[in-house]
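*Asks:* Here is how the chains run, residue by residue.
Number of protein chains: 2
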Amino acid sequence: MKDIRRFLLGPPLRSVEARHQRLTKAKALAVFSSDALSSVAYATEEILLVLVAAGAGALWLSVPITLSIIALLGIVAVSYRQTIHAYPSGGGSYIVAKHNLGVLPGLVAGSALLVDYVLTVAVSVAAGVAAITSAFPALAHHRVGIALIFIALITLANLRGVRESANIFAAPTYFFIGSIALVLLAGLGRWLLGGNPAEAAVAASAAAGPVEGGGAIVPLSLFVVLRAFASGCAAMTGVEAISNGVPAFKEPESHNAATTLTWMAIILATMFIGISLLAVAFGIRPSGEETVISQIARVAFGRGVLYYAVQFSTALILVLAANTSYADFPRLASLMAKDGFLPRQFANRGDRLVFSNGIIILGVLSGLLVAIFGGRTHAMIPLYAVGVFLSFTLSQSGMVRHWLKTDEPGRLLHAVVNGLGATATGLVLLVIAGSKFIYGAWAVVILIPLLVWMLTRVRVHYDEVAAELAITPEELGGSLPVIEHDAVVPVASINRALIDALQYAKSLSSRVYAIHVTIDPKEGERMKREWEKWGFGVPLTVLYSPYRSLIRPLIEFIDRIDRRHPKALVTVVLPEFVPSRWWHVLLHNQAALSIKTALLFRRGTIVTSVPYHLHGATPPEPPPA
Amino acid sequence: MKDIRRFLLGPPLRSVEARHQRLTKAKALAVFSSDALSSVAYATEEILLVLVAAGAGALWLSVPITLSIIALLGIVAVSYRQTIHAYPSGGGSYIVAKHNLGVLPGLVAGSALLVDYVLTVAVSVAAGVAAITSAFPALAHHRVGIALIFIALITLANLRGVRESANIFAAPTYFFIGSIALVLLAGLGRWLLGGNPAEAAVAASAAAGPVEGGGAIVPLSLFVVLRAFASGCAAMTGVEAISNGVPAFKEPESHNAATTLTWMAIILATMFIGISLLAVAFGIRPSGEETVISQIARVAFGRGVLYYAVQFSTALILVLAANTSYADFPRLASLMAKDGFLPRQFANRGDRLVFSNGIIILGVLSGLLVAIFGGRTHAMIPLYAVGVFLSFTLSQSGMVRHWLKTDEPGRLLHAVVNGLGATATGLVLLVIAGSKFIYGAWAVVILIPLLVWMLTRVRVHYDEVAAELAITPEELGGSLPVIEHDAVVPVASINRALIDALQYAKSLSSRVYAIHVTIDPKEGERMKREWEKWGFGVPLTVLYSPYRSLIRPLIEFIDRIDRRHPKALVTVVLPEFVPSRWWHVLLHNQAALSIKTALLFRRGTIVTSVPYHLHGATPPEPPPA
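These protein sequence lines map, in sequence, to chains A and B. When we follow the working numbering, the leftmost residue of the first sequence carries the number 1, and every step to the right adds one. When we follow the working numbering, the leftmost residue of the second sequence carries the number 1, and every step to the right adds one.
These aren't lab readings, by the way, just hints derived from the structure by calculation. Just so you know, these numbers come straight off a predicted model, no measurement behind them. Errors might be hidden in some of the hints.
So the derived label-pair ranges between C-beta atoms look like this [claimed, not checked]:
# : chain 1 : residue 1 : chain 2 : residue 2 : range
1 : B       : Leu188    : A       : Trp583    : 33 to 43 angstroms
2 : A       : Ile438    : B       : Gly434    : 53 to 63 angstroms
3 : B       : Ser594    : A       : Ser493    : 30 to 40 angstroms
4 : B       : Leu306    : A       : Leu368    : 41 to 51 angstroms
5 : A       : Ile438    : B       : Pro219    : 38 to 48 angstroms
Facing chain B, according to a computed beta carbon distance under 7 angstroms, are these residues of chain A, among others [what the hints assert, rightly or not]:
#  : residue
6  : His85
7  : Ala86
8  : Ser89
9  : Leu184
10 : Leu185
11 : Leu188
12 : Pro343
13 : Ile471
14 : Asn495
15 : Arg511
16 : Phe536
17 : Gln590
18 : Leu600
Yeah, the Cβ is synthetic: ideal placement off N, Cα and C, and Gly gets one too.
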C-alpha cells in the first residue's frame with residue numbers, strides 16, 4: 001500500500017515547500033489557460049450545430065457571432081485584470097461576491113463555479129475523445145471508456161501536486177497553440193489560392209452528410225441566432241481561472257497574472273475567429289461523426305502526418321484542460337470549507353500539498369456526468385454556460401461595489417469598466433438561460449439554489465454545534481467534576497482476547513460485571529461452572545434471550561446498573577480482533593459492531609474496544625509525514 | 001426506520017415459534033417445487049434453440065431428448081427419495097457429500113449449489129420477464145429493469161419469513177400447473193382434430209421468422225444432439241430442493257417429503273413431454289421475440305383471455321421460482337458458516353427467523369447477473385447445469401458410501417439405486433461440461449474450485465484464531481494480572497466535548513496527558529495561556545507539526561510515554577460527536593477516524609471515544625427484540 005501510494009503520488013512535501021511551487025508566467029498560462037484555449041476546439045462547432053437547423057445558408061452567421069463573443073471576451077478580460085490587481089491573494093467570484101455583495105451572492109457564485117468545474121472536466125474530456133474518434137472512427141464505441149480512463153489519469157496527476165502538473169501540462173498547451181496556428185496558416189493559404197484540392201474535399205464532405213445541412217428545418221430567427229450565440233459562449237469558460245489562482249504566480253503575482261490573462265485572451269480570440277472563418281470559407285458542416293476542427297485540418301493538410309498531429313494535440317489539450325478545474329475546484333472547496341459551508345475535510349491539504357478530497361470528488365462527479373451523457377460534448381453544452389456567466393456577473397458586480405467603497409485614484413473609471421463587464425455578462429446570462437432553458441439549462445437553474453441551500457445548512461449546523469459546545473472557565477467552576485463508572489464485559493467464550501478485555505475493565509473500575517447471553521439454559525449453566533475455574537474476581541451474570549438477540553438483554557442489564565448507580569457512567573468493554581489480512585475483517589467483530597451501533601445513542605454509555613492483534617497482524621502504514 | 005422495517009418485514013418472532021412454521025405437503029410443493037416445475041417454461045425452448053441450427057428438419061429430435069431427460073429425472077427422483085429417508089434432518093448435497101465422502105467433496109458440492117442458487121434466481125426471473133415481453137413486446141426494452149424489480153420484491157418477501165412465503169407462493173404454483181394443463185388439453189384437441197386454424201397460425205409464425213429455422217447452418221451431428229440434451233437438462237434444476245428442506249415439513253417429515261418429491265417429478269415430467277410434443281406437432285420454431293410456450297398457447301387458444309392467463313401464470317411461477325433459492329441458499333450458507341467455512345454472520349437467523357444475510361447476498365448477486373447478461377435467459381443457460389449435476393453426482397456417490405457403511409436391511413439394493421443415480425448424473429455432467437464448455441460453462445468450471453479454495457481459507461483462518469486464542473486456567477495462573485495505564489487526550493479547542501473527554505480520562509488513570517498539535521508556534525503559545533485559566537489539573541503539551549499531520553506527533557508522544565512506563569497501556573481518549581441527523585456524520589469525527597485507523601495496529605494502545613450527544617440527537621431505534 002505505502003509503496004504503491006508513494007510511487008503514484010511521490011514523496012510527501014513540507015508546508016514550507018508550498019512557496020517553491022510558484023509558477024512562472026509561461027507555466028501558469030499552461031496550467032490556468034488550457035480550459036479557455038481548448039474551448040475553441042468545440043465552440044465554433046456548437047455555433048454551427050445550432051445554425052445548421054436553419055439551413056446551410058445560415059452558417060455564415062457564425063462569423064459575426066464569433067466576433068461578438070470575442071468582443072465580450074475583451075470586456076470580461078479587462079474586467080478581470082482589475083480584479084487581479086484588487087485581489088492579489090486570489091479574487092475568485094466566490095471571494096469577490098461574498099466580500100462585496102454579501103454571503104448569499106457569494107454562495108450563489110461559489111455554487112455556480114463548483115458546478116461548472118465539474119462540467120468543465122466532463123465537457124473537455126468528452127470533446128478530447130471526440131477529436132480521437134474523428135481520426136479513428138473505429139473507437140467511437142469506446143467513447144465513455146476512453147473518457148473515464150483520461151479522467152482517472154488526470155485525477156492521479158493532480159494528486160501528485162501542482163508543480164508536477166505544470167510540467168506535465170506545459171508542453172501540450174504550446175503544442176496545441178502551435179498546431180492550430182499551423183492549421184490557420186495552411187488553411188488561409190489554400191483559401192487564398194482558390195480552385196485547389198480543398199474544394200473537392202469539401203464537396204465530398206458535404207455529400208457525405210446531406211441530412212446535416214440539406215435544407216432549413218426551422219426558419220432562421222432571432223431566437224436561433226441567440227441560441228447559437230449562447231452555445232458559442234462555451235468558449236468563454238475558464239477565463240476566470242487566472243484571477244482565482246493569483247497566489248500561485250511568482251512575484252510580483254498580480255502583475256504576472258494580469259499579463260498572462262491578456263495573452264490568453266489574445267491567443268484565444270485569434271484561434272476562435274480563425275477557425276470560424278475557415279469553417280465558413282470551406283463550407284464545413286457540423287456532423288456527429290467528425291469534429292469541425294478535424295474537417296478543417298483534413299482540408300488544409302489532407303490525411304497526413306500534420307492532420308494526425310492536429311488531432312492529437314487537440315485531444316491532448318482538451319483532456320488536459322480538465323486540469324484547470326483540478327486546480328480550481330479543490331481550492332474553492334477549501335475556501336468554502338474554511339468558511340464553514342462545506343465539510344471540514346475539504347479544508348486541509350494532503351501530504352502532497354494538494355487538497356486531496358476535492359480532487360477525488362471532482363474526478364468522481366465528472367466521471368459520473370460523462371457516463372450519464374454517454375460521453376457526448378453536445379449533450380452537456382446546454383448545462384455549461386449558465387453557471388459561468390452567473391459567476392462572471394456576480395463577480396463583476398462585486399467589483400463595482402468594491403471600487404465605490406475605496407478611495408483609490410481612478411476608482412470611478414475602474415467601477416465603470418467592471419460595471420460594463422457586469423452588464424454585458426448579465427445580459428448574456430439572460431440570453432443563455434432563456435435560449436437554452438428547455439435544452440437542459442433548467443437543471444442548472446434548479447441545482448444552484450439547491451446547492452446554496454445545502455451550503456447554508458452546513459454552516460448553520462457548524463454554528464449550532466459551536467454554540468452548543470461553548471463553555472467558559474467560570475461555568476466550569478475551576479476544576480473538573482470527578483466521575484465514577486461501572487464496566488460491563490460481554491462474554492461469548494473464555495479466551496485470550498476476553499482476558500485482555502477483562503484485565504482492561506478491571507483497570508478502569510472496581511465495579512466490573514461480566515455477562516453471558518444465551519438462548520439455552522443448559523449452556524448457561526455450563527458457562528457458569530467454567531467461569532468458576534478461572535478466578536477472575538469478576539461476577540458472571542447469565543442472561544437468557546428468547547429472541548436470540550444479544551443487544552436487548554445487554555441494554556436491560558445496563559439499565560439495571562444505571563438504576564443502582566444513577567450518576568456513574570457505564571463503559572462496555574469488548575475485545576476487538578485486529579486481523580492480519582484485509583479480508584479477515586469480514587470474519588470478525590460483527591457482534592462488536594452491532595453493540596457499538598446500538599449503544600451509540602445511549603447517553604452515559606461508552607463502548608471501548610480492546611484490540612487483540614491476531615498472529616501476523618501487519619504493522620501499520622507509517623502515518624502521513 | 002423502525003416503522004418502515006416493521007411494515008415491510010412484520011413483527012419479530014420468538015425462537016420457539018420456529019416449529020409452528022412447518023409446511024404441509026401442498027404448501028411445501030409450492031415452496032420447494034416452483035423452481036423445478038417452472039423450468040418447463042424454458043427447457044423445451046433451449047433444446048429447440050440448439051437443434052434449429054441444424055435446420056427445421058432436426059426439431060423433432062426434441063421429443064426423444066425430452067424423454068431421455070425424463071428418464072434421468074426418474075432415476076434422480078428415486079435416488080433422492082432414499083436420501084430423504086436416510087437424512088431426515090435435511091440431506092442436501094453438501095451434508096451428504098461431506099458426511100460420506102469427506103470435507104473436500106462436501107465443499108465442492110456446496111460451492112456448486114451456492115453458484116446454482118444464484119443462477120436459479122437470475123435465470124428464472126429472466127425467463128419470467130420473457131413471458132411478459134412475449135405477451136407485451138413493447139416492454140422488451142425494459143427487460144433488465146423489470147427483472148431487477150422482481151428480484152427486489154422476492155427478496156423482501158423472504159426477509160418476512162418462511163410461512164408467509166408459502167402463503168404467497170402456493171396459489172401461483174397451482175395456477176401455473178392448472179394453466180399448463182389447460183394448454184396441453186386444448187393443444188391436444190386442436191392437434192387431434194387437425195386442419196384447423198392452428199396450422200394457419202403456425203404458418204404465419206414460421207413465415208415471420210425464416211432466419212430462425214430456414215436451412216441447416218451446421219450439419220446435424222451427435223455433438224449437436226448432446227448439446228441440445230445438455231440444454232434441456234436445465235429442466236432438472238431444483239429437484240434436490242425438497243431433500244434439503246426436509247425439516248421444514250410437518251411430521252412425519254421424511255414421509256411427507258418423499259411423497260411430495262414423487263408428485264413433483266410426475267407433474268414435471270408430464271408438463272415437459274406435453275410441451276415438447278405440442279411444439280413439434282405445431283412446428284413451433286424458437287424465436288428471440290416470443291417464447292415457445294407463448295407460441296403454443298397462441299395456437300391453442302388464440303390471443304384471448306386464456307392466452308394472457310397462461311403468460312401471466314408462467315411469468316408468476318418463474319419469478320416466484322426464484323423463491324426456491326431463497327429458501328435454500330441462506331440455509332446452505334448457514335450450515336457452511338456453522339462449519340466455519342463462511343463468515344459467522346451467515347449462521348444466525350434474524351428476528352424474523354430467517355437468515356437475513358444470506359437472503360440479501362442472494363438478491364444482490366442474482367441482480368448483478370441479470371444486469372450483466374442483459375436479462376437474457378438463453379445467455380445464462382450454459383452456466384447453469386454444470387453445478388447442478390456436479391452436486392447431484394457427489395450427493396448420490398455419497399449415498400452409495402452411506403449404504404455400504406450401514407447394516408440396514410436392503411442396503412445393497414439402496415446402494416445400487418443410488419449408484420445408478422450417481423453414474424447417470426456423472427455421465428450427464430461430463431456431457432454438459434464438454435458440450436457447453438466453450439459456450440460459457442468454463443466460467444463455472446473455474447469458479448467452483450476458486451470458491452472451494454476461499455471456503456477452505458476461511459476455515460483455516462477461524463481454526464488459527466481459535467488456536468491462538470485458546471488458554472487454560474492453569475496458564476492464567478489463578479488470577480488476572482493487574483495492569484496500569486496512561487491516558488492521552490488530544491485537544492483541538494476547549495469546549496464541552498473536550499471537558500467530557502478529560503473527565504473520563506481522569507477517571508481512567510491518574511496519569512493523564514493533554515496534547516495540542518499545531519503548525520503555528522504563536523497559536524501554540526496562545527493555547528498554553530488559555531489552558532492555564534481552566535484548572536483541569538492535567539498538563540498540556542504543545543507539539544509542533546511542520547507536515548500539518550496530527551497523527552505523527554501524537555504517535556511520537558505515545559512512544560515517549562511508552563518508554564517512561566514500558567508495561568503500561570496507553571488509552572487515547574477522543575470526543576466523538578453523535579449527530580442528530582444522518583448527514584451530519586459527514587461533518588464530524590474526521591480527525592477521530594484517522595487517529596483510530598492509525599493506532600489500530602499499535603500494540604498496547606486503546607482508542608476510546610467519549611460520545612457527545614449533539615442537541616436533538618435522536619434516541620436509538622429499539623434493538624431487534
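*Asks:* Would you mind marking each hint as holding or not holding in the structure?
*Replies:* Hint-by-hint comparison with the structure:
{"no.": "1", "hint": "B:Leu188 to A:Trp583: 33 to 43 angstroms", "in the structure": "violated, 57 angstroms"}
{"no.": "2", "hint": "A:Ile438 to B:Gly434: 53 to 63 angstroms", "in the structure": "holds, 59 angstroms"}
{"no.": "3", "hint": "B:Ser594 to A:Ser493: 30 to 40 angstroms", "in the structure": "holds, 33 angstroms"}
{"no.": "4", "hint": "B:Leu306 to A:Leu368: 41 to 51 angstroms", "in the structure": "holds, 48 angstroms"}
{"no.": "5", "hint": "A:Ile438 to B:Pro219: 38 to 48 angstroms", "in the structure": "violated, 59 angstroms"}
{"no.": "6", "hint": "His85", "in the structure": "violated, 30 angstroms"}
{"no.": "7", "hint": "Ala86", "in the structure": "violated, 28 angstroms"}
{"no.": "8", "hint": "Ser89", "in the structure": "violated, 18 angstroms"}
{"no.": "9", "hint": "Leu184", "in the structure": "violated, 47 angstroms"}
{"no.": "10", "hint": "Leu185", "in the structure": "violated, 50 angstroms"}
{"no.": "11", "hint": "Leu188", "in the structure": "violated, 50 angstroms"}
{"no.": "12", "hint": "Pro343", "in the structure": "holds, 5 angstroms"}
{"no.": "13", "hint": "Ile471", "in the structure": "holds, 5 angstroms"}
{"no.": "14", "hint": "Asn495", "in the structure": "holds, 4 angstroms"}
{"no.": "15", "hint": "Arg511", "in the structure": "violated, 12 angstroms"}
{"no.": "16", "hint": "Phe536", "in the structure": "holds, 6 angstroms"}
{"no.": "17", "hint": "Gln590", "in the structure": "holds, 5 angstroms"}
{"no.": "18", "hint": "Leu600", "in the structure": "holds, 6 angstroms"}
Hint violations for this structure: numbers 1, 5, 6, 7, 8, 9, 10, 11 and 15, all remaining hints satisfied.
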